[in-house]
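A.B. asks: All chains should be modelled from the sequences, with the hints used to inform the complete structure.
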Amino acid sequence: MGGHILTICYLIASVTFIVGLKMLSHPATARRGNLIAAAGMAIAIFGTIFLPRNGVYLHNYEWIFGGLLIGAIIGTIVAKKVKMTAMPEMVSMFNGMGGACAALISLVEFGHIHEETNISHTVLIIVLGLIIGSVSFAGSMVAWGKLNGKVKDFNFPGQNILNLILLFVTLGMGAWLVFHPHLTFLIYIILCTSLLYGVLFVMPIGGADMPVVISLLNSFTGVAAACGGFLYDNKVMLTGGILVGAAGTLLTILMCKAMNRSLKHVLIGSFGGNAASSSSSGSEGGAYKEISLSDAAMVLSYANKVMIVPGYGLAVAQAQHVCHELEKALVEKGVEVKYAIHPVAGRMPGHMNVLLAEADVSYDKLLEMEAANDEFKTTDVVLVLGANDVVNPAAKNDPASPIYGMPILEVELAKNVIVNKRSMKPGYAGIENALFFQPKTSMLFGDAKKVLQDLVTEVKAS
Amino acid sequence: MEEALSWISSNQETIYIVILMIFVGIEVIGRVPSVLHTPLMSGANAIHGVVIIGAIIVMGNADPGNYPALILGFLAVVLGTLNVVGGFVVTDRMLEMFKVKKK
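In order, the protein sequences belong to chains A and B.
Heads up: the first sequence at position 332 corresponds to 1700 in this note's numbering, and the numbers run straight through without jumps.
Heads up: the second sequence at position 61 corresponds to 147 in this note's numbering, and the numbers run straight through without jumps.
If you're looking for bench data, these hints aren't it; they were derived computationally from the structure.
Positions of the beta carbon are idealized from the N, C-alpha and C atoms, including for glycine.
It cannot be assumed that every hint is accurate.
Residues from chain A that face chain B, not an exhaustive set, calculated with beta carbons under 7 Å [what the hints assert, rightly or not]:
1) GLY1439
2) ALA1440
3) MET1458
4) LEU1475
5) THR1589
6) THR1607
7) LEU1611
8) ALA1614
9) LEU1618
10) ILE1621
11) VAL1722
Residues from chain B that keep clear of chain A, each with C-beta distances beyond 10 Å, as calculated [claimed, not checked]:
12) MET87
13) GLU88
14) SER95
15) GLN98
16) LEU158
Computed Cβ-Cβ distance ranges for the label pairs, DEER-style [said to hold, decoys possible]:
17) B/THR100 x A/THR1746: 55 to 65 Å
18) B/LEU91 x A/LYS1764: 50 to 60 Å
19) B/GLU182 x A/LYS1701: 28 to 38 Å
20) A/GLN1527 x B/GLU182: 35 to 45 Å
C.D. replies: Encoded structure:
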């Protein structure tokens, strides 16, 4: 009886995962979708704890509840406390936890296999779960450190080759273990090489590519969870894991597309390598014009319509609240202010919307790319805050440019452009931006938050 | 060869699930707007926290005297719960920001 109910619990949970994921991909239903999936998860967890599996009840309840309680308390506190700008690294951290969990399951289960009959099949799944879980854990931790700024980009010549060798050695040892399961020590070596591979795999990839990497590691963890499903013949782990594995892979590809990057290039990190050559060949240089704070404030206050283009720089400086203040100050002066949001502006696709919403910017002031491009013609001043590649005209008119073909915000259609950046250094794509050298563009150097604060004071005073 | 074939037919149910789930996973998020990429990733991240069920099973079947297994299993439960709870809470916080919708 209990066993049948457990089956039904798992069935319900599997359906909620699918429905939840479906609802998560539409803005209006997304939040409910997340709650539905969470409810399904709770049903599956409590069913597993209290209902017998193959007629056998679990024991060690004090350990299970202790673990659940500790994890739930820490998880809730951390997730509630984290700043909006730190969301991406938070996701990466939680993903790493899932990967580690899968790896630990494999480790413990490997100690039990001598009781099994169909050994090589079981070992194969255990080894797969261990490798994928460890790579996901180590990779996610590095990604977390990178987004935090704690870990710097690190690469050395021949790193790609070393990575490939490491991967093949790990897989080779895994295969060897499948046929010689009595070589217990191999499992620990596999654990170590997998962890090392995870670290080296993410190390050379630039910080701005991290969202793609996290999404990929996310789907890895899904597959690792599915391995657990194989191992225990547990359908909810299988469906949940594979579902995330497949959806995560597609999401990774979609993210790459939105950034006009190919997954291969992200993974090999060749973007960084090519950038040096393309920036030296395409360095048209030229003179750019600086604008003083008070002039900028003046130009903004006397405009009829101002469009703000927020980017990575704004997210890094956490300047979303000051940005909203500037918007209010300008509106008081009778200026019409809107935001032009590029789909991949910020640290992750959609990140800008979340950040600005956090600062209480009203939703109908946020224009998506197409709508914004229609309005630039009638805009007096565009204020670019820490965005670079998403406003680079080279994407439209220079077929040789690495970002050629990427849809951009056509800010050069406006009458004036003020660009706030920390320096003239090229953006994440590593290429010069011709926009900065156009006569209608003026540069306003400095940290986005500081500059915005000063602008607010100036605008209020003028 | 014989062995592989018999493995396929004895596990066909599982193989069907895997294949169908791959298609479902792709179909279900196929038309997600880029604005939702981050929350969707976070939500999917929480869902693969089902791995917690494996951790609970490991823990619940561990021999009470086998301390290495107990400790590893306990760690697995803690980490898995972090993944599930943290994942869903973070996703909810992100989506909370979207509640003032234009449509």
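A.B. asks: Each of the hints needs a verdict: does it hold here or not?
C.D. replies: Status of the hints after comparison with the structure:
1. GLY1439: Because about 3 Å separates A/GLY1439 from the closest Cβ in chain B, which is inside the 7 Å limit, the hint holds.
2. ALA1440: With a minimum Cβ separation of about 5 Å from chain B (threshold 7 Å), the hint on A/ALA1440 holds.
3. MET1458: holds, 5 Å
4. LEU1475: holds, 6 Å
5. THR1589: With a closest approach of 5 Å, the A/THR1589 hint holds.
6. THR1607: holds, 5 Å
7. LEU1611: holds, 5 Å
8. ALA1614: Since the shortest Cβ distance to chain B is 3 Å, the answer is holds.
9. LEU1618: This hint holds: A/LEU1618 lies near chain B, its Cβ roughly 5 Å from the closest one there, short of 7 Å.
10. ILE1621: violated, 10 Å
11. VAL1722: This interface hint holds because 5 Å falls under the 7 Å limit.
12. MET87: holds, 15 Å
13. GLU88: holds, 14 Å
14. SER95: holds, 14 Å
15. GLN98: holds, 13 Å
16. LEU158: Given a closest Cβ separation of 5 Å, the condition is violated.
17. B/THR100 x A/THR1746: 55 to 65 Å: holds, 59 Å
18. B/LEU91 x A/LYS1764: 50 to 60 Å: Roughly 56 Å apart at Cβ, these two residues keep to the hinted range, so it holds.
19. B/GLU182 x A/LYS1701: 28 to 38 Å: holds, 32 Å
20. A/GLN1527 x B/GLU182: 35 to 45 Å: Given range 35 to 45 Å: holds, Cβ gap about 41 Å.
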